[in-house]
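A.B. asks: Those protein sequences? They're chains A and B, same order as listed.
Here our numbering is used: the first residue of the first sequence is 1, the next is one more, and so on.
Here our numbering is used: the first residue of the second sequence is 1, the next is one more, and so on.
Honestly, the hints are just simulated from the structure, not real lab data.
From a predicted model like this one, the values you see are computed outputs, not experimental measurements.
Hints are supplied without guarantee of correctness; some may be wrong.
[What the hints assert, rightly or not] Here are a few chain B residues that face chain A, going by a calculated C-beta distance under 8 Å:
no., residue
1, Gly-147
2, Val-151
3, Trp-154
Using N, Cα and C, we set each Cβ at its ideal position, and we do this for glycine too.
This is what each chain is made of:
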Amino acid sequence: MAEQKAPQKWGLVVDLDRCTGCNACIAACSMENNIPFVGEDEVAYGRGLYWLYNKREWRGEYPEIKPAFEPVMCQQCGNAPCEPVCPVFASVHSEEEQINLAVYNRCVGTRYCANNCPYHARQFNYFDYELPEPMNSYLNPDVTVRRRGVMEKCTFCVQRIVRGRQKAAAEGREVEDGEIQPACVQACPAGALVFGDVSNPESKASQMARNQRRYQLLEELGTLPRVTYLKGGGRYGG
Amino acid sequence: MAAETNLLQAVKPAEHAEEDPREHLMFDPRPREEMNRMVMEAMTTTTRRYWIWLIALGLGVAVLLFGAWGNMILTGIGVAGVRRPIFWGVFIVTFVFWIGISHAGTFVSAILRVFKAEFRRPFTRAAELMTTFGLAAGALYPLIHLGRVWVFYWMIPYPNARWLWPNFRSPLVWDFLAITTYLLSSTIYLYLPLVPDLAMARDRTKGWRHTIYKLLALGWRGTEAEWYRLRKAINIFAFAIIPVMFSVHTIVSWDFAVGMVAGWHSTIFGPYFIVGAILSGVAAVVTILFVLRNTMKHFDYFIRVEHFDALGKLLLVFSMAWAYFFFNEYLLSWYGGDAAVKQVLTLHATGPAAWVWYTMLICNVAIPWLTLWNKTIRRTPWAMFIITLLINVGMYAERYTIIPLTLGHQRSPFDWGVYNPQWTEISIALGTLCLFMFLYLAASRLIPLVPVWEVQEGQMAHTLRKVGKAEVPSVTELEE
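Go ahead and model the full structure; you've got the sequences and the hints to work with.
C.D. replies: This is the structure:
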């Protein structure tokens, strides 16, 4: 066993110059994390379950406006607003992975965390959603299936992080950079998503994050997000 | 010219005539035994209309509240209209509404008692009952709105095999503790002054009533030592419950103020909520007094226009205080300069549900300010009934503005949304109204709704003394 070392801080970098908005990350996320399909009517009412969604908006002042989008997932805040408000510790900070965990089995469904999340990254199971016949076989055994009345959200595919770490430990080595990939990162055809240990300055994610195009969502709120965006549009060089 | 003089003379006597002190309950005493009999009669008289209402409300509780809630538990919270990003809707709005209503009892009973406002005497119990039943209705909502109500006890600090306590940093846990404290202390505070009246009822009833009152009166005999201790206990409770009352709605406001939602995160929320709660609570007291006066036997003797008058003045003051805090919210956001807060507040007035915001301002500010300054209106019970109902409509609209309408327009415009209350939510909200009315109606025939001994005590202290030919009202100081 390797000796105890400081926990790794997992982080994600989203390069909007490379992102084409193909939504492959969203599909991969749904498959990996057993996210149910809620049906057309529910989605139309605003209850679609997406741990990762593509935020579309107009940027700039008229007439200099252009459409833009950015994939938004749980920002895994270092100082997360969802954590202190949960009365039952269903939203907790993990010491080991330095991310926010959603403890589905502990959740009683007050939905306070979701109100308090400035990124609206948390999703709620309004009903028990049944998967149609052949699709119930695809469920990922590593991820809890949530029942109704429970809050859920992106976990940076914590099951993959744990498995990667265990594999490395079994082989008696450190986790290599790029070895662990959440489903969205793995699925991204353009390589716009890069995942890695941001506490290690040599990791690819850290190197990418040191960029003048860098920004974080609602940074001014002091939530210390772990997701870094690189501004798209090509005008900023890189 | 002549017509004008006539008009003046016609108006003048009514407005400027010396008020007859005997219009006041305190200066219109009746013999003790007669008053006891009046209260007992009011308590034991049940009409056909009463039973129809009681049964209808009981059905309302069963169907509207428990039927709809049961259906929601079985199918999921999705039958309510909540959706991303508005995760709290009518349930939390109604929760805050009922907790607000429950402030009246303590306010009327404890604060007016401490300040020795004599007009409080005949309706302290009516107000205290409102506190207890308002809390009973409101305290259901933290359970109703849960996604998984069957594990609600995880929010309670109890020793368990998981070695897990609730998160004491969460305002919801503070809420739970504050509301429990308030419910327990307000129930005791309701019970203490009830003891002598229960003893009075015990001595004048037979059968099942006698058995109940005998048990509840705790063997009260009315000795000097008993009175001394009762007064002392009531006095301690009156002082002690005031900070509890302030803490409860402050903590309810912290459910919002502690969050980082733009438009919630404001230091003004504590006092703003307290003032709003007292405004809606006192308004509800007036509404109930009107109903009691018109439906219960002999209540026109106990509840008089002077009480509507006095409560109307209080309402005017609290409406002004509420308007100040409302204005202050805008002032602070302007001073703070947070663009998101400014946007939320602007959208309250211009957004898709601006009519809620205007309803709030019309009912909470315009209507009280335009009517309650007028003594004739304050002394017209049915007018006060309508005005106070409207004030509570306005206060409901205030909570609606603060909760779903604020959540709907947060920092990222892509995530803006509107919220449509669904039938389940409306049904459960109406169901708790039925529950409140049902409990109140049942209690009105089970316990003496007028604190007889307090009225008698007040009447003994108030006398009309003759000074020459004039009768001068005078009050004796009762306690130290």
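A.B. asks: It remains to establish, for every hint, whether it holds in the given structure.
C.D. replies: So, going through the hints one by one against the coordinates:
no. : hint    : verdict
1   : Gly-147 : holds (2 Å)
2   : Val-151 : holds (5 Å)
3   : Trp-154 : holds (5 Å)
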